[in-house]
Structures are given as C-alpha cells and as structure tokens.
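The listed protein sequences derive, respectively, from chains A, B, C and D. Each step along the first sequence adds one to the number in UniProt numbering, with nothing skipped, and position 232 is 232. Each step along the second sequence adds one to the number in UniProt numbering, with nothing skipped, and position 345 is 345. Each step along the third sequence adds one to the number in UniProt numbering, with nothing skipped, and position 189 is 189. Each step along the fourth sequence adds one to the number in UniProt numbering, with nothing skipped, and position 83 is 83.
Read the hints as simulated data drawn from the structure, not as lab findings. Model, not experiment: these values are computed from the prediction. Be aware that a few hints might be false.
The list treats identical chains as one, so a pair stands whether inside a single copy or across any two.
In silico DSS-like pairs for lysine-lysine, Cα to Cα no more than 30 angstroms straight-line [said to hold, decoys possible]: (1) Lys219 - Lys197; (2) Lys14 - Lys262; (3) Lys262 - Lys239; (4) Lys126 - Lys236.
Protein chains: 4
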Amino acid sequence: MIMHNMYGVTMTIKVAIAGASGYAGGEILRLLLGHPAYASGELEIGALTAASTAGSTLGELMPHIPQLADRVIQDTTAETLAGHDVVFLGLPHGFSAEIALQLGPDVTVIDCAADFRLQNAANWEKFYGSEHQETWPYGIPEMPGHREALRGAKRVAVPGCFPTGATLALLPAVQAGLIEPDVSVVSITGVSGAGKKASVALLGSETMGSLKAYNTSGKHRHTPEIAQNLGEVSDKPVKVSFTPVLAPLPRGILTTATAPLKEGVTAEQARAVYEEFYAQETFVHVLPEGAQPQTQAVLGSNMCHVQVEIDEEAGKVLVTSAIDNLTKGTAGAAVQCMNLSVGFDEAAGLPQVGVAP
Amino acid sequence: MIMHNMYGVTMTIKVAIAGASGYAGGEILRLLLGHPAYASGELEIGALTAASTAGSTLGELMPHIPQLADRVIQDTTAETLAGHDVVFLGLPHGFSAEIALQLGPDVTVIDCAADFRLQNAANWEKFYGSEHQETWPYGIPEMPGHREALRGAKRVAVPGCFPTGATLALLPAVQAGLIEPDVSVVSITGVSGAGKKASVALLGSETMGSLKAYNTSGKHRHTPEIAQNLGEVSDKPVKVSFTPVLAPLPRGILTTATAPLKEGVTAEQARAVYEEFYAQETFVHVLPEGAQPQTQAVLGSNMCHVQVEIDEEAGKVLVTSAIDNLTKGTAGAAVQCMNLSVGFDEAAGLPQVGVAP
Amino acid sequence: MIMHNMYGVTMTIKVAIAGASGYAGGEILRLLLGHPAYASGELEIGALTAASTAGSTLGELMPHIPQLADRVIQDTTAETLAGHDVVFLGLPHGFSAEIALQLGPDVTVIDCAADFRLQNAANWEKFYGSEHQETWPYGIPEMPGHREALRGAKRVAVPGCFPTGATLALLPAVQAGLIEPDVSVVSITGVSGAGKKASVALLGSETMGSLKAYNTSGKHRHTPEIAQNLGEVSDKPVKVSFTPVLAPLPRGILTTATAPLKEGVTAEQARAVYEEFYAQETFVHVLPEGAQPQTQAVLGSNMCHVQVEIDEEAGKVLVTSAIDNLTKGTAGAAVQCMNLSVGFDEAAGLPQVGVAP
Amino acid sequence: MIMHNMYGVTMTIKVAIAGASGYAGGEILRLLLGHPAYASGELEIGALTAASTAGSTLGELMPHIPQLADRVIQDTTAETLAGHDVVFLGLPHGFSAEIALQLGPDVTVIDCAADFRLQNAANWEKFYGSEHQETWPYGIPEMPGHREALRGAKRVAVPGCFPTGATLALLPAVQAGLIEPDVSVVSITGVSGAGKKASVALLGSETMGSLKAYNTSGKHRHTPEIAQNLGEVSDKPVKVSFTPVLAPLPRGILTTATAPLKEGVTAEQARAVYEEFYAQETFVHVLPEGAQPQTQAVLGSNMCHVQVEIDEEAGKVLVTSAIDNLTKGTAGAAVQCMNLSVGFDEAAGLPQVGVAP
C-alpha cells in the first residue's frame, strides 16, 4: 500500500515521541512500527525523548521493541523535538503544555495529556488547579463534526481513556434522545491506565486479586470531559455520575452506563439508532443482540465494541463498551488523529483484531 | 473459648455438607475446620456428599483441605444426610429444594441455593421457570428483624452473593430515605461466583485479562432478590437496575450503587446514617471518609466493607461495598446463620481479617 | 509492499483454516488479517471450518475478529478444504492426520497438531498410543538446515509450543558443546496452551492465583520432541528432564534450562556462541548481558527472547527463553512456514513488537 | 482451648511487631489475631512500629485488619519495642540486626530478615556486602534437630521463603541419599515476595501477564541458605543451581527441583523416604502418587505440599513443593517458632486449610 498525502503526493514524515518510555509512548511506537507508511519508508521515527530515563537505551526500558533496542532516549526539550513533522506528546499535563507551546505552527502536535481538552477554563482550573491555556481539536473522529476538524489539523488533543469509552457508548443515545440527560457511568479499568510510575498502591501485590473504586463522586478529572463530549450533542447539559474502578488486568476498559429511558423508546429503536450512528465507522462495532463487549476482544486493537439494551422494569437504558485504554483509549486514537492530520488513510496501522485470548 | 447452646448446655453438633466438592461446600468446610466448636469437639463433621464426584476422596477434589483428605464423598440423598443436626446444602437450585423438603423438621437446614429466598411466587416463576415452594428465613442477620428470626431457626435461605453486597451497601440509605427508590447497581465479581462446572466461557484463558458484563438489564436472577431486600425497609417499591460484571480474580465482589440524592441530604447526614446503622455489627465495617472498599481486604473474611459518598454535581448518592463472594457472600453467611440457629456465638469461626495482599 | 512468489510472479493464494474456532485457528486468522498479502489482495481467506461449532458465525465464537463476524463456520471435511492453496490445520492430533492425508499433493498443508513431528515411530506410539503415519518437514526455520527444507515445502509439521521455547534456548549450547547432553528444562506456560475445551481444572477459578506442575517426569508428549530437536545438532543423544508448569496468565512460555557446563567454557564464549548462532535471525533476540527474557515483551509477537548465563559455583549453564505460545509457539510459526512455502517474505505479517504492558 | 507455657502455667504474653506495615508484619498480625491465645487473652498485641509510615493508623495502611484500625504505628526503635515478651522483626536486613542487637536477652526475638541465618561469615559478606554478626537458631522445625533447638529459644532466624520451599522439598532426598548432591532448583514466586516498596518493575502493569527470571545463576541471596540447609543432612557439600521466577499471582511459591538419581533407587523407595520423613509433621503434606502441589491449595495456610517422582529416562529425581511465601514462607514460620519459644502448642493459630479457589 503506497501512502500519499491529501494532495496525492508521496512524502516522508519524520515523527518524534516525547515520553517514549511511558506506556502511551511505547504503544505509539508499537503502532508506528506496524504502520504501512513505516514499512514503505514514508514515515520515519526520529527523536525519542523522556525525562528521568534520558540516556538509557530503548532496549533497557522497552524490551518488547527489539528493533529499536539501541536507540538512546534523549531529554525532552523543544530543541530535541524540533525538525520533526509530527510530535507525539506522552507527558504529564502541565509539562506537556509547556513543551507544546514551544513547538512551531507547522508541526503536527498530538498531545496525549489533558491540557488542551477542556473548553471551559473554569472546569480546567477546578479539576487541574492551574491556569487554562488553549483548547485544541479533540481527537474522537467518531463524534459529529470532529473528523472534519481533525483532517489537516496541526494541533490535536487526544481524549482521556475513560472519556473515549463513555463517549462512544453514550453519544448515540444522547443525540437521539433515547435517554434523559442524567447518566451513571461505571468504568472498570486495567492498571496500565495509571501509568508507569513507582507507587505502592499500584504494585502487583496490591492490584492483582483486588477491585477498588477511586476518585469517585465527581473527583476524577475525566468527569468534566465526559460531560463536555455528551453536551456537544445535547441541547441540555448532561449530568454525569462517574465511578472509575481499578481491576486486575494490564489493559482494557469496560464501561457500563445507565440512564433513565425516555418514555416510549423501544429496544428496536435504540438498536437502530446505534447501528445507524456507527454504520460507517471502522473502529466502532455495535455487537449483535445478546452479545456483551469484553475487553479481551479489543486487546491491542483500536476498536470500541458497544452494546445497547433496555431494561423496561428498571426504566433504564444500559450501554456498555469495551476498549483497550492504551490503544483506542490513547495511542491508537493518537495515530488515528495523525493519519487524519497528515493525510494518510485514517485506519492505516491500526489493528481491528484483538489479541485474544 | 467454650461453646454452649442457647440454654447454656455444652453440646455436640453433627454437621453434613451436601455439595461438598463445590466452591460453597469447600468454603463451609474451611470455616468449620477453623471454628472453635470444631477444636473443642462440640462440632463434628459428618457426611460429605456430592453428585458426579461421589466415590472420590476429598483429597482428590479439594487438595487445600489436607486434614480430611481421606474422607470419601457420598451420594447426595436424604438418607446419607439423615442423622445430622445441621445440614448445609450447596446444591443447584431445584435439586436443593428436592433434598431439603425430605429432611426432618428437627434438622437445621441451611440452604445456599435460591429455592427459598423469594417471597413472591410470581417472581420465582418468572426468573427460575419452575413452581415456587416455600419462603424461609433469609440469612442476612444485619437486616432489620432478621437476626431475631434466624435465632433458633431450623430453616435458613442463605442469600445470593450479589444481593448480600448490594443490600448491605444500600439498606441504610433506603431505610433513612437518603435516596429516591431508583438504584443503579453495578457489581463486579470474581469468577468463583460462577461455580465449579466445566465451561468454555469460564476457562482461565477466557477470563484472565478480560472484563465482561453478563445477564444484564434485569436478566440476572439476583435482581428480584435485591429489590425484595431493599423493599423491606422502604414504603415504596425500589426500582433496581442491576449489571453484573465478570472480572479476572478468583474471589471478591465490588458493588457500586448510585441513586438520586433526596434534596437537602448532606454528606455528614449520610455518613451518620451508615455509622449508626452498622454500629453494633461485627461483620460490616463503614470505612473512614476518603477510603474506598477493596476486595483484597476482605478475601477469605466474613466482612463487608462499605463507603457512602455524595456527588453534589451529579445529584447522586454513591455507595460501594466489598465482600468475598464465597465467604460473607455464601459460606460465611451460612456459618453465621448456623451459629444463630444452634446458639453458638454469632461470630464464632468467622474471620474478620482478610488474606491480603 | 507488493508480494511475489519465488518466481517473481504476483499471485493470489486462497487459504483455509480447519479448527478456526480454536485458539491456534483464531491466532492464525489474526496474523493473516494483518498480513501485507491480505491487504494487497494476494492472500484470500477461504473456508473456516470446525467440528462442534460448525454452523455458528465467527462473530459468536471469536468476537475479537469483527471483520469476519458474519462468516459461517463449516464442517471440517476434506471436501470443504478442497480448492485452497494453503490449508492450516488446528485440529486434535489423530483427526488432523486423518484430514491431512486426504488433501492433494499440490496443496500446502500446515499442520499445528503433533501427528507428523516425530521421526521415531516407536516414540510416537509410546507417547500418543496410535500408529505412526509420516514425518514432515519440521517448522523451526531457525534450526540448521530447516529453513531450506521448508522453502516450497507442501507439507509442514508446526512444532509444539514447549519444544519451540526449549529448542531455541538450547540449540546453540548443544551444537557448540558448551554443555553436557543432560538438560533439565522447566517451562512455565500460560493457560491458553491447554486449548479451548471445557474443563474444571482449567477454569479461571482454578488457574488464577495458582501455580502447578503437570505431566511431569517424562510424561509430557513434548519431551521426545525436545530430545529429537536437540539430537539433530548433537553427536550423542540428549537426556531431557522436562517439567511443564501452569501459571496464571493467558499467553506466554518462559523456559529455564540448566545443564552441566563443559569444563573450561567461559561466559564470554557462551555469549559469543549465541550471538553468532542467531545473528541473522529476525525472530530470535539474544538479550544483552544482565537482562532476562519476560513473556510480556513477546505477547502477540513472533519473537523468541533468549539469555545465556554461566553459574560457575553450581557448574551449570542456564539458558532462558520467552515466547508467546500462540504466536511463535504455534500460529506465528505456522504463518512463517506458509511464507517460506509459498514464497512470501519469511517475516511478512509477523510482528516483532510485543503488546506490552 | 486454654494455653499454658511449658511449665503448665497460664501466662499473658505481650507481643510487638516491628515493620508492622509491611507484608510480613501484616501477615503476622493476621495470624496472631486468629491465634487461640489471643482469643483467650493470653497473648496481647503491643507496639506496632514502622519507619516511613510511623504516625499513620493501621486502618490507613492495612484495611484488611479492621479490628485494629485505630492503632497508630510508632517509630521502630529499641525503646518502643522494650517491655514486650516477644518481638517480631519484619525489617530490612541490616536495620533488623541493628535493632535486634539492642533488645534484652529475656525477650524472644523472632527475626524475619536474613541477618542471623547464615553460619558462614564469608558467605554473608559475599552475598550481603557487610560484616557478619551472629548466627541464630534457624526456624525450620521440620529440619532434623531444629525443633529441639527452637523450643524455648530467645533468638530465632526465620528462614527465607525460597529456602523454606526448597529445603522441605529436598531434605529427605539428600538425607537418604536418593540423589547426587547437585540440584537444579527453579522456584516460581508470587509478587508479594518482593515486599511493599514502590518500584516500576513490580507495578501491576509490569507483573500481571508476565513471567520473568531474576537474580539468576547464583546471584540470589537465598542460594547459600539453601545449600547450607541441605548441607546439614549431607556428608558432601551440595551444589545448588537456583533460578527464581516472578509470576503473576500475589502469593505462593512453587518449587521444582531436579537432581541426578542415585543408581538403583526406585520410585517406591523415594516415596517411602518422604512419607516416613514427614510422618509426624503437621505442616508438611506428602501428596498421594500422581498429584502435584499447587499454590492455591496452600494460600494463607502454613502448609507445605510436597511430591517426589522419578524420571527413569532422564535419570533424575523431581521434587516439587508449594507454600504460601507469606505464611509458611515467612509469618507462619515466625508464629510457629514463637509457639515453640514460649511453649504454646506448635500448631496453634496456624491454618492447615488453604483459601481456595
């Protein structure tokens, strides 16, 4: 497969990854090394940078990427990142904005941190405790109007992993008015969502064999992001109760969302809404009636599996979705957005098949 | 510790376990072997029966119980179970009722199946597809009025594991009117809840590394049981949306429950309600503010850890609870009920400390 | 990347998979759908067959492969498999041979079962209890002479997963005479190695949180296969003590092998032997000094990571290797052999990067 | 059960735990709270100390121990530990010795660190890099002569977890001369063995779904301890190749050990040796022929399950054992030694039943 940019011209794109030794960075690398543009020479992997691990080889830090084992991690500075066509940022928020704002306007900057996701400055300040900077095109191409905004965009805010799972689950129901705008979302996540940072609470001993909710009752920073996304397709604000739960698996988010059923809505209507909403989407799969999403089926893939059901007795719509938090939830979305930005095929390099079992 | 019955007389109680090679049966055995009445000779372990495994030794089936390795599993019949003071039934529903109804009125029968839990015959028929038999005293001593009914009871219906977690989480909120009677319950469970039965869907390969909802939207048989329990302390029927999720751990249920907050209720009031409700309970621990229950902390113990919080923004109360599905969720409750039935100390033989990490 | 056969001619190859609903079959499908020849239309996926699941759709059985969700599984017969250029067999041994021997001589048959692996008929009869049929070219291209035999081969016996890990670990040491021919191999495996078959012993409840050796002391059928492989590069027979251990992860085999160190051999010599032996191999990565293989690093990839060390005090060589039992251990090897058979690039469609963490 | 000391006198013993917020300390607490002497008032839990967590409550650090949730952790100093009859030390080596040597001669000091285990000062210096202090009675009562030495002992060195599993597996074979003194030990361990210390390599993300050997080829500090133990029953030094492997489970060690079979030894002889050696032991269970130890069966118990087999073809004896690294491997052994030291029943408070599944 020969790749061309949106003007039909073959090109070579040089890509840098800041935060290359973190989980998001490693997953971006995995996807780029399997990207057809890498195979054809149209995409070149340039600087790999990090903070505390600078000076180490990638082989020491990421033994799963043997091809680049000898690459040396550089310091994350605007200088090391200069001279690239695309820069992925897999950095802590705050630092990410600091670096991002130093990069030239011609560079495609794809930011996996939270800095540029929220539209409402007050929300930013409330949840992140610092001054709001900018709002960038938001990287869920499956949201109405977003794909168009992402095509050719030089700045992209990659969504949070929980907002991706919750948004793709609820968007059709909210837009079509199947539900009252009052959702209860419980999202169960694998531990890689918490990043690669030494911590007693995230030790294998503490997380294997245990389930625990955290940052509950509106305290999780992804709460306003979910509300913002759903609000885009709703004429009323959407109330969001969000409960994240940590579960003993490395990757995967299963989202369950319930909301009051609008009177008169039937299961057939609900299913039809979902099937139509996602009919043209490569990376959202509405499961057949009776099947429930499972995270294993999307491991390492860029897919979101979705199911919608109606619970007449309880008067609720239940929507469930499964994604891999590191792929569709972060790095896959980042690569999908890069594809849209530079003019590759949107789906290039992004697996649809999960690594199951 | 010397044990006496309710009249102060030392006694020897002979116990049989039907379904001894299943997970409930094995856990009852584990608890009885650690019971002070077993150590003192006041409790004796009699017949151990099963269906397909009859004729095998316990050592072959349950290598974790070396003391009884040479015991031979007998057939589950009313005859083998005759002559015991207490009979625990860890059998499939239907068969459990069939056996139970053949046991004499003087025997304490503690049934871990569903047959005698529901009060409403129509609900039984709808969810279980057979004729309803009887309703027995229901084994959650922490529910108002239940401890009294269980003392000396000769028939006990041990609750389902999900209803235990959901009921202990929601009871105080419903009774005190902190919430509207419209709850969304998501309960995440370890795989032992599905029992010890060959099945492709429950293979290690299929369950490790995966999360999946099942029997959703009111289809799970524990749904009416939760509604029944909450209804006991409510003047209105309680609507229950129930979503069970299978997670990759052997034991443990984490329940998250949200419901609309009654106007004017504060976090302090909610906390006070919970602390007062459970002030005298040995096996329910209301966690301090800011702490969330985790299943690891209750592994192998008879505890239920509970937290209550208010999400002002979303207008919801969030209650979470953690139990071990095989202990407080099944076998621990069964032994607690036996203690109440025969007059032992209610807490005898029931660990409060979890096996963590 | 445009693919050509060994004569430089573009071609379309039609592939069938027998046993498509099993783990080997599913993994072959995953790899083929990511194969560049599939993308370019040179490889077409034909019949998917199975036994007990015939009539179901792939979507019901393998939700991780959404692209082919509507494909209906056919019965495994020589007739349904006729008319294909390549037939992968992911069937139980015995049945595999029965089907294989009915397929025409022009078809490339790649058999993942054991039937055609052993050269010694007596060993076959001892370990498999039936009459030996044939010996086919054995699918470890990294073994001396094997790559050449596999190029253009119409019949391939894909190796067992344990023999792959043990052989790649020990081959250089045996060939170079670093060790005495008396090896102790302990191979720790994820549960998918046991296949997708209902079984109590393989339930999630029984396998999560547990470690257990099985088929020990020469009873495992992979023992003679390991001895055969090592014998190919040794002038003396190689004694093999083989201990497989089941561990709580879905995929991966970590092999540890010790053998008496030949007098005078140094760590530098041992390292040099390994680096030279595998210098030209795409799918074997000798780790740098001090690093140990980990299964996570090869999850879903076709890689084998290897380390060799000398324990002077104990007088032993220790070799360790990590593979994914379903990829390099089965389906990856099968696709690698297909590539060699039909003239594709040997590495086409086979990831080098693991899905970590 | 009323407890008496070795002179038949009822007593109250006050116990302190240093390192109470670590995994060893937590497990000692769990066992003491279930000890009959605690129930009867003969054993009292005094100071709980730690280093970095001093000032926190036990409830914050160890939510699995709700009974003592309000206890405040004190600093680990000789002063806080003074005035107790028994002091358990669950501290890093070095610091453990420093504290231990300040405690009075009448106090029973039970040290879970390595400081006082090795008899050979040169080995200590080689493996631990500091000056050797003392050698204390070594806490495996099942080793010939050790039970007698531990009775009434005021100083006890609790063995390492790997040495416990390997020693109990190999002791009878070495003593009876079933094998040549040249053993290859592979011990697969759950992650709690690495302690409760923030670390990237031990994060859930890094350890779930992965297997990895570490400190291989004689580098692990438990190697000389294993050799020392086996040497006690051998007239020749025993060569030990030791390979520890980290596996994705919280607790448990499965040890596999192979050694050259002495000519003429039969499987029946080997079995008879093991059965006789352990005939009187409460906490070692020789499994029936054909059964293999599994870690699940000993979870949370003080048992060691053992199997011995002969592999004629390979000319090897294979011995396997399963323990819980935190119970029989550390805290259970510590409590068993306390029982022997103060004159309680040796088995008091130590479960024989595992928490399975």
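Now for the hints, and whether the structure bears them out:
For the identical chains of this complex, Lys219 and Lys197 are neighbours both inside a copy (21 angstroms) and across copies (27 angstroms), given an alpha-carbon limit of 30 angstroms. With identical chains, the CA atoms of Lys14 and Lys262 are never at most 30 angstroms apart, being 50 angstroms at best within one copy and 50 angstroms at best between copies. In this homomeric assembly, Lys262 and Lys239 come within 30 angstroms of each other (Cα to Cα) both inside a single copy, at 15 angstroms, and across copies, at 16 angstroms. Only within a single protomer do Lys126 and Lys236 lie at most 30 angstroms apart by alpha-carbon distance; the minimum there is 22 angstroms, versus 39 angstroms between protomers.
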